[in-house]
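Please build the complex by placing chains B and C on the supplied structure of chain A, with the hints as guidance.
These protein sequence lines are chains A, B and C, in that order.
Per my numbering, the very first residue in the first sequence carries number 1; after that it's consecutive.
Per my numbering, the very first residue in the second sequence carries number 1; after that it's consecutive.
Per my numbering, the very first residue in the third sequence carries number 1; after that it's consecutive.
Incorrect hints may appear among the rest.
[Said to hold, decoys possible] List of simulated lysine to any residue pairs, SDA-like, C-alpha gap at most 20 Å:
(1) A:K105 x B:I201
(2) B:K182 x A:Q107
(3) A:K158 x A:V2
(4) A:K144 x B:L208
(5) C:K46 x C:T3
(6) B:K182 x A:H54
(7) A:K236 x C:D168
(8) A:K98 x B:G185
(9) A:K29 x A:L60
(10) C:K74 x B:T219
(11) A:K75 x B:I178
(12) B:K182 x A:I52
(13) A:K144 x B:L204
(14) C:K243 x A:V276
(15) B:K131 x C:Q136
(16) C:K230 x A:V175
(17) A:K105 x B:R196
(18) A:K71 x A:P53
(19) C:K46 x A:G168
(20) C:K173 x A:D201
(21) B:K237 x C:V108
(22) C:K243 x A:Q267
(23) A:K158 x B:H186
(24) C:K13 x C:G57
(25) C:K173 x A:Q36
(26) C:K12 x B:E216
(27) C:K46 x B:A215
(28) C:K230 x A:G168
(29) C:K46 x B:E216
(30) A:K98 x B:L208
(31) B:K237 x C:L130
(32) C:K74 x B:T234
These are calculated hints, taken from the structure and not from any lab test.
Small disclaimer: the values here were computed from a predicted structure and weren't measured.
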Amino acid sequence: MVYQLNNVSVNYSRQTALRNVSCTMEEGKWISVIGQTGAGKSTFVQVLKGLIPHIDGDYLIDQQPVKRDAKGQLKVIPEIGFVFQYPEHQLFETTVFKELAFAPKQQGMSNQQITKSISKILPQLGLSEDILPLAPFQLSGGLKRRVAIASVLMMNPKLLIVDEPTAGLDPISKVALLQLLKKWQQQVNRTLIFVSHQMEDVAEYSDEVIVFHEGCLIGQLDTRTLFLEQSHLLEKIGLSLPESVQLLKLVEELTGEKIQVSSCREQEIFEKVIPVWKARRLQNV
Amino acid sequence: MSDTILIGQYMETNSVFHRLDPRTKILSLFIIMLSFLMLKTATSFTIVSLFVFGILMLSKIPFPVFMKGLKPILFILTFTFVYNVLLTKGNVIWSWSFIDVTAEGLQNGVRFVWRIILLVLLASILTLTTKPLELASGLEKLLAPLSKFHVPVEQFSLMIVIAIRFIPTILQELDRIILAQKARGHDIVHLPLVKRMLAYIPILIPLLFTTIQRAEQLTYAIDARAYGKGKGRTAYKLLQFQQIDYVVGMIAVLFVITVIIIRLGGL
Amino acid sequence: MLTFDHVHFYYKKGQTIINDVNFTIQAGEFVSIVGANGSGKSTVAKLIDGLLLPKKGTVKFQQLDTTNPDELMKIHQQVGFVFQNPEDQFITTTVMDEVLFGLQNIRVPREEMRGRVDTALRAVQMEEYLEAMPHQLSGGQKQRVAIAAILAMQPKMIIFDEATSMLDPQGRKQVLSIMHELHDQGMTIIHITHHMEEVLSAERILLIHEGHLEFDGDPFVFFETMSVEKYQLQLPFAVRLRKTLQLDPPFTVNWKEGIRSQWSIN
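For reference, chain A alone in the conformation it holds in the complex (with noise of 0.2 Å):
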């Protein structure tokens, strides 16, 4: 499925406003939403999923305008899944099970189905059945974040819009969380829309970045060409670059050499970075 956004404005008095913002979104990609607090990121976000009923420009999901009610307004998008930064706010079942039953449910799905699917999507979250009977609130940090997440993959989302997954988590807890997220990502071949403020995330994991400043969308790249090629971009609205990637154009700099890099992943980054600091014998002062 492919997403698009063209000319879409909003004025919301509790929104932050979003001025002309145009993007297409292919399927199959780990897209990153990157800018400042207060950038449009998270109404950005919104307007995807149907969540601010009034929006002007056009929204088409496949070339297809998304449907409006009699007054225009946009619905919910039953068909895109939606994270929230505090899973506390998403969760009130008793359990567990009744927590990722609930949507199903109210879609109409037999308890047969929700038995099958809730132990298909258990362990693509490193979850094991028996938190089932546990009561959500219960569990600690990173689990409920789990449970939010395999909550919402329940419905089987065709694109899924994660809001600052990580933040409080300990970093094991969240790169195990990133990891699961990316295999999904990649098993079901579907979109991923990350919403983040660490630098370090978006280098490692995105295919493809969107980078807002004060409403406006200033920029959808590549991972790599943003950080190494187009990185005034984000020194130009405050934004810092990762430290692999600092590493790297600091080494370039003091080598005068060109570093060749398919990717902006740490790992790679030391592969290629090493034989050239050996070679020069860089030190640190």
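Same frame as chain A, now just chains B and C:
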């Protein structure tokens, strides 16, 4: 949602009332409101209404703001009116099957509703022209004598402050939860009434949990800043009566006396 | 200055939240307490300030015992606490009242108050927000007000309990730089975090794991000798780099300057 609640909706218009000591406002409004219980005749209602209208004008607050404040009590007003009209015995002026409408009932209904409107308007003058914190410290000072009888007046005042501070926070949280639930396909706006009531459960449970967590954290925060059960804290803002306070106080007392005279005179 | 002597803590019998923890912190130190989610590091922080009381053992701050209610009040005065969630620690309705709150509690004379409020807000660059209300501030600004409210009380030690974890990068940078400024001026700082980049500049690291104190020492030794992944933590970028390049220790990165300032070509 956040727009219809008047608590803590202070408005800076630089009127006489803004300059008054909160204690003057609380006490004056209190005795004036009490005197409303004595209103009976059309004349007395007219005089008092004119007086209240004058106060509203003096506050320099735009009239629509007051109207908005009345909106949430519309249901109570309607209920009071219908209740009085239907259940007061007297001269039947119109009837249909088992329903009898009496002249006295109509009169009573109008009287009750009008009285409530006057009370609410006056009360909103207090919240619109007084900063929440001033209100709390005014109350604290007024209730201070009670602390001799081991009434925890200072804690009570802190409680009010915290309540006022957290109203916008909790409303924000409510908005976020509604959004999160809407994203899960849980839209409460388009449901019939009974179902809508049930549909609030998924919203109230997270709100309850996060509020309890918040309260727990807040008790730590209060302890950490050496709040010692409210004993003998020093004050920064001192309340002091000015000339204008005495004038306004006098007017309030005169008003109440007038109302009493009107009532006794049977006007 | 601060002593934990065989401290145990649990909510219910049979549970172990904190188990036999011992350490001493000297005045003027910058100590980071690290550990995974749920390791007990926040409990340690609350035990220091007497927000929780030990079930066994003693916690003493400058000879004051947290279990003695009169001494506890003095501890609250001298130890400041910045909480994780900026939303939950704002008690009153404006920035000014927030800073005044503590001053009123410790009975600062009225004439002295305004001066203390202004100095404290200037130290965190929030003096323009005197009349602002909490819901008008960003997370980072709220944390700075929280710090000002503590500074006005003139404490000897400040505990930052994951105070940067819910902030955006900008807010995090500001709070961290205030922490280091205060430390340079002689304040004892306890910084609780699981962001390893932030602890490189600490003078000492305490690792809490499942309620035990597993490590107490120099950050350099910590990253060299401990397999941090075992504790759900990650080596900071600079250390990962050093280990991959098999460079000679010592090797740290100044958090203010980043890696740029550290290298030259030979």
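### Message
Flag every earlier hint the structure violates by its number, smallest first.
### Response
Of the numbered hints, all hold.
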